[in-house]
Amino acid sequence: MAPPIVPPSVRPRSTPSRDLWTAIGLLTVVALLAYAPLLARLGFYRDDWYQIWAGDTLGPGSIITLFSIDRPVMGYLYAAAFRLLGDAPLGWQLYALGLRWIGALGALWLARRLWPRQPLATTSIAVLFLIYPGFLQQPNANTFSNHLFGYTAEIFSLALTVESLRPTSPARRFGLVALAVLAALGSWLTYEYMIGLEALRYWLLARHAFRWESAARKGRWTDLLAVSAPFLIPLAGFLVYRLFFFQAGRESVDVAQVLAGYQAAPVHELGRRMIALGQDFVEAVLLGWTVPSQDLLSSMTTRELVSGLALAAAAAVAFLAYARRSHPAVDSAGDVPHRELLLMGAFTVVASLAPVILTGRDIRWASAFDRYTLHATLGIGVLIVGLVFAGLRPGSRSVVLGFLVGFAVLTHYGNAVAWSTFWSEQRQFWWQLAWRAPDLQSGTVLLTTLPSQRYFEDYEVWGPANLIYRPGQANPTIASEVMEELTAAKARLGVREVRSMRVLIGIPRDYNQTLVAAWPSTGSCLHVLDREQLEFPASLSSLVRSLGSYSDASLILPRAAPAQPPSRIFGPEPERSWCWYYQTASLARQRGEWERIVQLADEADRLDVRPGDPTEWMPFFHGYLNAGRTDGARQMATRIGADDLVRHDLCDHLTPHYFLDEATYALGRSLLCGVR
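Start counting the sequence shown at 0; every next residue gets the next number (numbering that gives the first Met the number 0).
Calculated from the structure, these hints are not laboratory results.
On a predicted model such as this, the values are computed, not experimentally measured, just so you know.
Heads up, a few of these hints could be off.
Per label pair, the in silico range of CB-to-CB distance [unchecked claim]:
no., residue 1, residue 2, range
1, Glu424, Phe243, 44 to 54 Å
2, Gly627, Cys650, 17 to 27 Å
3, Asp601, Asn511, 16 to 26 Å
4, Ala309, Val257, 16 to 26 Å
5, His337, Leu231, 55 to 65 Å
6, Glu424, Ala198, 38 to 48 Å
7, Ala255, Glu483, 26 to 36 Å
8, Ala473, Val254, 38 to 48 Å
9, Gly627, Arg363, 53 to 63 Å
10, Ser366, Arg210, 38 to 48 Å
11, Cys672, Arg609, 19 to 29 Å
Taking lysine to any residue and the SDA-like style, the derived pairs with C-alpha atoms no more than 25 Å apart in a straight line are [claimed, not checked]:
no., residue 1, residue 2
12, Lys489, Ala559
13, Lys489, Ser499
14, Lys489, Arg530
15, Lys489, Leu546
16, Lys489, Pro450
17, Lys489, Pro470
18, Lys489, Leu554
19, Lys489, Gly471
20, Lys489, Ala552
21, Lys489, Glu531
22, Lys489, Glu574
23, Lys489, Phe455
24, Lys489, Thr420
25, Lys489, Ser441
26, Lys489, Pro507
27, Lys489, Gly505
Just so you know, even glycine gets a beta-carbon here, dropped at the ideal spot from N, CA and C.
All chains, please: the whole structure from these sequences, using the hints.
Below you can see the structure in the form of structure tokens.
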């Protein structure tokens, strides 16, 4: 039988059940305060879209195929989750929150087994693990639930490992070790770059083998090898499989490609990446508490900031109440092993980040690359608590920790505000496009922008576009690309290409069939540009303006049966405010339904809804003129002319395209361009 992790002479009394449940209650309260307030306003983002499209259109089994090229086991996990949760955003948000909370329970279990006499320190580790403010992908729940699953599995594997070292029966120890191995395999096979956490397991096993042995006893290394063998053998098997047998279809996870980065100057490259490891250590441990929050907090409205501060105060008060009422004497006990906390925490952070950095990736506070801080949060929590207990007086520790808790909750609320705004803009975009475009021709290349966010990948557009306009169709026929200079060049040259996506999806892109749908600011509506009649919103970027003459509005099928964004994904149709009138009038203009436009204008006037951008009066200007309502057209021209720059720009691009005849065009030019 393996020796106990602590000798009976110094073994502390077991943690009272009441304290344990109080700590779990605190974790629950803090998790809800940090992540739940805006949960129902969050949705799908980024990489979610091609996976949601595949799961909806081709079935959950297709997700297995998608991930067969890099992380096959994750494909099975994701497919199983999709079968259970489907394509409703709220289910994925609850699932991710549940995983985050369960992971914190695992961290609490692990910490309490390591330092059973330190309830405040161990609970603090679990709380900081739970709400570390450098990882801000929690609202991107569909994609990052897989990361959370893999990380939670590794945390429980470590806790089971420590539990197996306690005095127990051989059968129970065997069961604990078996579960620990299975959980570890689940973690490695889900996300291989989290394997650096394995170093902590051998730290813990060495701690057991060496710390409490008597000086006379020999064979410590033999004992260490004996308790390590059940984990070393499957680890070796996994590494052999991943390094020598698995054929990756993505460069970032292809071992040969990773090693190729070292071939030219291996010593120089290794040195460069070790420096990067040191930089990322500082970023994760220290800058993660400040840098990500700066933009989030500065962009919040006063009302949002007040709400966030209230949540932060509630979390800090809950933590301080736990610290002061449950453990009034702990702060002055003086026996917190802060040196061990510091060493173990720093070691765990470095070990966690090393595989990421050595394979050419690093932490960045943009483009979702803060994801690489997630599996370092256990080490960060241990290290921060060690720093607090080592550097502060007993009476100040809980106050500082409470401040960190409150600030982290405030950051996560600001983060949820930003993600909820992103989702709101996506929903509004697709509903507005559905109002404007009942259907799109197959082969359309849709180029789009949002007011406050930019798309990183084309599937963020073609995924929802095909769900709306081609539901159930196995091959996506509406393509897209990210709005950037290279895309603009392709549109100008009329490039034809095929976009291949994870072995399963291939989408032809013919830039001769480009349609630009730009939403330049929250003060305007979505604008579908029409090369036959260019009407540029005042806040439109120069890049998008340069593509106006390549945007073919005839790709919209104006008399097709109207598509409807599925409400289970996009929610109910928004209230019919000004943008509904603008999009409906724009569609009516394309159809030549001039009296319909006049009716819409009259109704909008009765409801006193107005545009934020003067160019949005143009469909009504055309409608009044072509319906023979000169007075109404004159009124529209006056409204447009209130902004002289907008009027001049519209006059520069005014064509006869939407006028009944040359006489109507001449009258329209006189009314609009003669206004002073």
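Now the hints, each set against the structure:
The hint said 44 to 54 Å for the Cβ distance between Glu424 and Phe243, and at roughly 46 Å that hint holds. Range check, Gly627 to Cys650: about 22 Å between beta-carbon atoms, so the 17 to 27 Å window is met. Separated by about 40 Å at the C-beta atoms, Asp601 and Asn511 break the suggested range of 16 to 26 Å. The hinted window of 16 to 26 Å between Ala309 and Val257 is violated, with their beta carbons roughly 47 Å apart.
At about 31 Å, the CB distance of His337 to Leu231 disagrees with the hint of 55 to 65 Å. Between Glu424 and Ala198 the Cβ separation comes to about 42 Å, which falls inside the hinted range of 38 to 48 Å. Checked against the hint of 26 to 36 Å, the pair Ala255 and Glu483 passes, with Cβ atoms roughly 30 Å apart. Distance hint for Ala473 and Val254: a CB-CB separation of about 33 Å, inconsistent with the stated range 38 to 48 Å.
Checking the proposed 53 to 63 Å range against Gly627 and Arg363 shows it holds: the Cβ atoms sit about 59 Å from each other. The hinted range of 38 to 48 Å is satisfied by Ser366 and Arg210, whose Cβ atoms lie roughly 43 Å apart. A C-beta distance of roughly 23 Å is found between Cys672 and Arg609, which places it inside the suggested range of 19 to 29 Å. Between Lys489 and Ala559 the alpha-carbon distance is near 29 Å, which puts this suggested pair outside the 25 Å criterion.
In summary, the hint linking Lys489 to Ser499 is supported, as the alpha carbons are separated by about 17 Å, within the 25 Å threshold. Simply put, Lys489 and Arg530 have alpha-carbon atoms about 17 Å apart, close enough for the 25 Å limit, and the pair holds. For the given pair, Lys489 sits about 10 Å from Leu546 by alpha-carbon distance, which is consistent with the 25 Å threshold. A distance of roughly 23 Å separates the Cα atoms of Lys489 and Pro450; the hinted pair therefore holds under the 25 Å criterion.
In summary, the hint linking Lys489 to Pro470 is not supported, as the alpha carbons are separated by about 28 Å, beyond the 25 Å threshold. For the proposed pair Lys489 and Leu554, the alpha carbon gap of about 18 Å is at most 25 Å, so the pair holds. Distance restraint check for Lys489 and Gly471: the Cα-Cα separation of roughly 30 Å exceeds the 25 Å cut-off, and the hinted pair is therefore not satisfied. Restraint check: the Cα-Cα separation between Lys489 and Ala552 comes to about 18 Å, which is no more than 25 Å; the hinted pair holds.
Our distance criterion of 25 Å between C-alpha atoms is met by Lys489 and Glu531, whose separation comes to about 20 Å. Under the criterion of a C-alpha separation no larger than 25 Å, the hint pairing Lys489 with Glu574 is inconsistent with the structure, at around 37 Å. Under the criterion of a C-alpha separation no larger than 25 Å, the hint pairing Lys489 with Phe455 is consistent with the structure, at around 17 Å. This hinted pair does not check out: Lys489 and Thr420 have alpha carbons roughly 31 Å apart, beyond 25 Å.
For the hint pairing Lys489 with Ser441, the CA-to-CA distance comes to about 19 Å; that is within 25 Å, so the pair holds. With a CA separation close to 14 Å, the supplied pair Lys489 and Pro507 stays within the 25 Å bound. As the CA atoms of Lys489 and Gly505 are separated by approximately 18 Å, the hinted pair is consistent with the 25 Å bound.
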